[in-house]
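Chains U and B, in that order, are what the protein sequence lines are. Just so it is clear: in the first sequence, position 110 is 110 by the UniProt record's numbering, and no numbers are missing. Just so it is clear: in the second sequence, position 348 is 348 by the UniProt record's numbering, and no numbers are missing.
Think of the hints as simulated: they come from the structure by calculation, not from any bench. Be a bit skeptical, because a hint or two may be false.
Heads up, the list lumps identical chains together, so a pair's fine if it works in one copy or across two of them.
What the hints assert, rightly or not - Here are the computed lysine-lysine pairs in the DSS-like style, where the Cα-Cα straight-line distance is at most 25 Å:
id, residue 1, residue 2
1, K353, K283
2, K237, K412
3, K394, K274
4, K472, K21
5, K4, K262
6, K21, K159
7, K315, K274
8, K283, K339
9, K412, K315
10, K160, K262
Protein chains: 2
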Amino acid sequence: MLEKVDLSRKLGKKEYRQAVKELGAKIGDLQRRQREAEIPVMVVFEGWEGAGKGAQMNQLILPLDPRGFRVQNVTDSFTSDPFYPPMYPFWNAIPPAGRMSIYNRSWYRKAIDSWREPNEGNRGLERKLEEIRSFERQLADGGYLLIKLFLHIDRSEQKKRLQRLKSDGSKGVRGQDELNAYKNYDSILPVLEEVIRETDRAYAPWTIVEAHDRRFATVKVLSVVARALENRLNQPKVEAAKEPVVLSELEEAVTTPTVLSKVDLSLEPEDNYKKEMASLQRKIRRMEYTLYRKRRPMVLAFEGWDAAGKGGCIKRLTEEMDPRGYEVIPVGAPNDFEKRHHYLWRFWQDFPKAGHVAIFDRTWYGRVLVERVEGYCSPLDWRRAYSEINDMEKQWHDSGAIVMKFWLQIDKDEQLRRFQSREETPEKNWKITDEDWRNREKWDLYEKAVEEMLWRTSTPYAPWTIVEANSKAYGRLKVLRTVLERGEEALEGR
Amino acid sequence: MLEKVDLSRKLGKKEYRQAVKELGAKIGDLQRRQREAEIPVMVVFEGWEGAGKGAQMNQLILPLDPRGFRVQNVTDSFTSDPFYPPMYPFWNAIPPAGRMSIYNRSWYRKAIDSWREPNEGNRGLERKLEEIRSFERQLADGGYLLIKLFLHIDRSEQKKRLQRLKSDGSKGVRGQDELNAYKNYDSILPVLEEVIRETDRAYAPWTIVEAHDRRFATVKVLSVVARALENRLNQPKVEAAKEPVVLSELEEAVTTPTVLSKVDLSLEPEDNYKKEMASLQRKIRRMEYTLYRKRRPMVLAFEGWDAAGKGGCIKRLTEEMDPRGYEVIPVGAPNDFEKRHHYLWRFWQDFPKAGHVAIFDRTWYGRVLVERVEGYCSPLDWRRAYSEINDMEKQWHDSGAIVMKFWLQIDKDEQLRRFQSREETPEKNWKITDEDWRNREKWDLYEKAVEEMLWRTSTPYAPWTIVEANSKAYGRLKVLRTVLERGEEALEGR
Numbered sequence: 001m002l003e004k005v006d007l008s009r010k011l012g013k014k015e016y017r018q019a020v021k022e023l024g025a026k027i028g029d030l031q032r033r034q035r036e037a038e039i040p041v042m043v044v045f046e047g048w049e050g051a052g053k054g055a056q057m058n059q060l061i062l063p064l065d066p067r068g069f070r071v072q073n074v075t076d077s078f079t080s081d082p083f084y085p086p087m088y089p090f091w092n093a094i095p096p097a098g099r100m101s102i103y104n105r106s107w108y109r110k111a112i113d114s115w116r117e118p119n120e121g122n123r124g125l126e127r128k129l130e131e132i133r134s135f136e137r138q139l140a141d142g143g144y145l146l147i148k149l150f151l152h153i154d155r156s157e158q159k160k161r162l163q164r165l166k167s168d169g170s171k172g173v174r175g176q177d178e179l180n181a182y183k184n185y186d187s188i189l190p191v192l193e194e195v196i197r198e199t200d201r202a203y204a205p206w207t208i209v210e211a212h213d214r215r216f217a218t219v220k221v222l223s224v225v226a227r228a229l230e231n232r233l234n235q236p237k238v239e240a241a242k243e244p245v246v247l248s249e250l251e252e253a254v255t256t257p258t259v260l261s262k263v264d265l266s267l268e269p270e271d272n273y274k275k276e277m278a279s280l281q282r283k284i285r286r287m288e289y290t291l292y293r294k295r296r297p298m299v300l301a302f303e304g305w306d307a308a309g310k311g312g313c314i315k316r317l318t319e320e321m322d323p324r325g326y327e328v329i330p331v332g333a334p335n336d337f338e339k340r341h342h343y344l345w346r347f348w349q350d351f352p353k354a355g356h357v358a359i360f361d362r363t364w365y366g367r368v369l370v371e372r373v374e375g376y377c378s379p380l381d382w383r384r385a386y387s388e389i390n391d392m393e394k395q396w397h398d399s400g401a402i403v404m405k406f407w408l409q410i411d412k413d414e415q416l417r418r419f420q421s422r423e424e425t426p427e428k429n430w431k432i433t434d435e436d437w438r439n440r441e442k443w444d445l446y447e448k449a450v451e452e453m454l455w456r457t458s459t460p461y462a463p464w465t466i467v468e469a470n471s472k473a474y475g476r477l478k479v480l481r482t483v484l485e486r487g488e489e490a491l492e493g494r
Numbered sequence: 001m002l003e004k005v006d007l008s009r010k011l012g013k014k015e016y017r018q019a020v021k022e023l024g025a026k027i028g029d030l031q032r033r034q035r036e037a038e039i040p041v042m043v044v045f046e047g048w049e050g051a052g053k054g055a056q057m058n059q060l061i062l063p064l065d066p067r068g069f070r071v072q073n074v075t076d077s078f079t080s081d082p083f084y085p086p087m088y089p090f091w092n093a094i095p096p097a098g099r100m101s102i103y104n105r106s107w108y109r110k111a112i113d114s115w116r117e118p119n120e121g122n123r124g125l126e127r128k129l130e131e132i133r134s135f136e137r138q139l140a141d142g143g144y145l146l147i148k149l150f151l152h153i154d155r156s157e158q159k160k161r162l163q164r165l166k167s168d169g170s171k172g173v174r175g176q177d178e179l180n181a182y183k184n185y186d187s188i189l190p191v192l193e194e195v196i197r198e199t200d201r202a203y204a205p206w207t208i209v210e211a212h213d214r215r216f217a218t219v220k221v222l223s224v225v226a227r228a229l230e231n232r233l234n235q236p237k238v239e240a241a242k243e244p245v246v247l248s249e250l251e252e253a254v255t256t257p258t259v260l261s262k263v264d265l266s267l268e269p270e271d272n273y274k275k276e277m278a279s280l281q282r283k284i285r286r287m288e289y290t291l292y293r294k295r296r297p298m299v300l301a302f303e304g305w306d307a308a309g310k311g312g313c314i315k316r317l318t319e320e321m322d323p324r325g326y327e328v329i330p331v332g333a334p335n336d337f338e339k340r341h342h343y344l345w346r347f348w349q350d351f352p353k354a355g356h357v358a359i360f361d362r363t364w365y366g367r368v369l370v371e372r373v374e375g376y377c378s379p380l381d382w383r384r385a386y387s388e389i390n391d392m393e394k395q396w397h398d399s400g401a402i403v404m405k406f407w408l409q410i411d412k413d414e415q416l417r418r419f420q421s422r423e424e425t426p427e428k429n430w431k432i433t434d435e436d437w438r439n440r441e442k443w444d445l446y447e448k449a450v451e452e453m454l455w456r457t458s459t460p461y462a463p464w465t466i467v468e469a470n471s472k473a474y475g476r477l478k479v480l481r482t483v484l485e486r487g488e489e490a491l492e493g494r
């Protein structure tokens, strides 16, 4: 593929000056419109060592309003933090709505570098490409504009440039490895071609920039960015989807999965509650240290009806744990800044470092629960979310994380009793709000959403446990027991 | 996942009768609207042996107008023809616009059956799932509505049913294997769960039908189909995309890849043209027999400028070939019936049987050439086509096919000379039409499309060869030489 590119293309000085001037003005204007339209943009600069990524990036930045963009240098330390899953730093670095992130190297770095590990076989690279496609597709579906540029030079040009840098001492931040990169050109080439081919998709296409002539390359970079922005700004708005079809009561009933109807809410703990609780807590503390030593991260996700007792469960779970090893993350409605990002962004941010435990009190499943029921996102959005969430949890699992999810189930009567008791007890009064009562009125809609969530996202790599929580004591024991058993099992596994 | 499904769900007779009556009327009406709206629909029935697929399919068919649907029985012989790639029979069986295909078993059959081949490792299954996702996504993107139903019963119910069939002699078309299927229930289950999970996507979601109670199952099947049709009919039309951005001449020039500018059109053959041609033709005939013996299919795709000499090349190529072993497929504008299908459908139809050669005079690349330039499809459509076509060719390659693509390049002056000679020579006059002249006026637009096509779809599994064709003799030799060399190389490879 790359052998077909004509690297002899050039531009004269005069032509170049005129074009840069015009394109600069155009891009400045487009950037303003992009900010107003709140489109988040990601521009990727990849290319051969010595192809001029730095210089071209600077040319792109010149006409931009500095308040609107940010440059991300993807260095070695950025990509190779062994304490996090591979896509973690990139999820964290996505721009908010209306902003532009410009990447000097990117999430492609590790994939391209996999030419170094031929022993790993094709498998390692295939998985990386799959993760990249998943990342880019989720962003594109979420409204992000992706512009990917590859600066191409041939081997002899690369050799010439790198040797010149060596001899005149202007090698910049380059180490010996980078300066000798041309020696590996032919080994890198087939991997690079595979990477480009397998990630060249309509939602995130690649542009090859012929980079022998810097003037030509600059005008091409500016033209491509300008066109991508303009095309996106001209894109017609998608009409809001109509109201979902209203089904008859019976149709509604038969088409709703009924995972929850089988749950036996009459379960009560045995008499030795206190003793068992204490024993579980001690063992969980020990497990926490094992996690730490083995550098395994753990994600515990709690969802459940209002007043189902999530807080109490989490309290018992963490009571004896070492606070340096875990964090409880209460999840509410997204704040304004969070709203300006992809909906999964904030959860990637809170992913635990290897050896640590993250306990989420409500989770990313809000997308398919409250956002679905209240219409905060479109049906297309929440329908797509099931596989997006499965993908995310699979990436966590594949990178070594132990992921468990708990649904705390109570019945409607029990919820009413607890609401009333909260209202009547002054010290619990803060726990009950008008919103709780409003949610309760939508019990059936929520139930439908819960049922669908439970079956579409119950996976071997991130299973749901349904917790019978009418008896608080029973529920708490079940949660702790599950965390311990599954945790120990997973720790033995590796 | 399936363990979470409540199989005890039931419906009373009265409720059932009422619901079937109402839903039947609804579905009849929806089908009429679906035909008018020209939506193609595919309904998949999968499920455990004995779960009642046949009975449920019949219930769905009852209210339908028989002119609007077709039942596809996916038998063993349907899926296991070793002479074709795995997805070939399913591409051929997709319904045209406005029609409904109902599948008794489907393209999932082989994936689910892979529980029988544990030695193959996960790899075989992963590839099958990837091919399924690609198939369904392409169809969904092309406007197809996919409804996928899985009829679920547990092991003891399956055993009971199959043993009853055995003892009362009403086993239908079932063989010993099917009647003993329950013995493998526990081995199939994990594979089945993986298949469902990895193909449950917003564009083609699964519905699990609790099938212990036939009445319940029927009402669920009808409800799901009715809702899917209704939702689709209510979906707002996507507004046509605006005109693509018009670039300045320079921007246009720099952003167009220039693969073709490097082509040396002055190349002429050496003196021994006739001798070499004869020798190549003999060798290609021998290769044709080797292909046949080794059961390898070969696809040769020819594209090029009008009057570039595709016909002449194909004539020389096939002159000495055994006509039982190859077919030349001239590709024109799609006819009315072809237009009612996915644009790739007709090319799947012409895919050669193993051991045979298909020679395409113009190809599926029309999507990114004439359809792009003339605006017969939207920019979104042709942009997506590059990876769709790469996917298709990869599936062909993976199933053993040898795929080669030729672009016949001439320059604008040479084309003019040939057009004029055609006009002046009575016996060539039929070869030149007004359309050729009109296309010629759009040379620059076509060139841009060709350049982009060449670099986005040149892959190791289906490479493009650019043929310098100003000299007809040189071009023909290059084509035959390439077919022979690459063909022999590929035949040695396996």
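Comparing the hints with the structure gives:
| no. | hint | verdict |
| --- | --- | --- |
| 1 | K353 x K283 | within (22 Å within a copy, 63 Å between copies) |
| 2 | K237 x K412 | neither (41 Å within a copy, 41 Å between copies) |
| 3 | K394 x K274 | neither (36 Å within a copy, 61 Å between copies) |
| 4 | K472 x K21 | neither (69 Å within a copy, 46 Å between copies) |
| 5 | K4 x K262 | between (62 Å within a copy, 9 Å between copies) |
| 6 | K21 x K159 | neither (32 Å within a copy, 77 Å between copies) |
| 7 | K315 x K274 | within (15 Å within a copy, 89 Å between copies) |
| 8 | K283 x K339 | neither (39 Å within a copy, 66 Å between copies) |
| 9 | K412 x K315 | within (24 Å within a copy, 78 Å between copies) |
| 10 | K160 x K262 | between (72 Å within a copy, 23 Å between copies) |
The structure shown violates the earlier hints numbered 2, 3, 4, 6 and 8.
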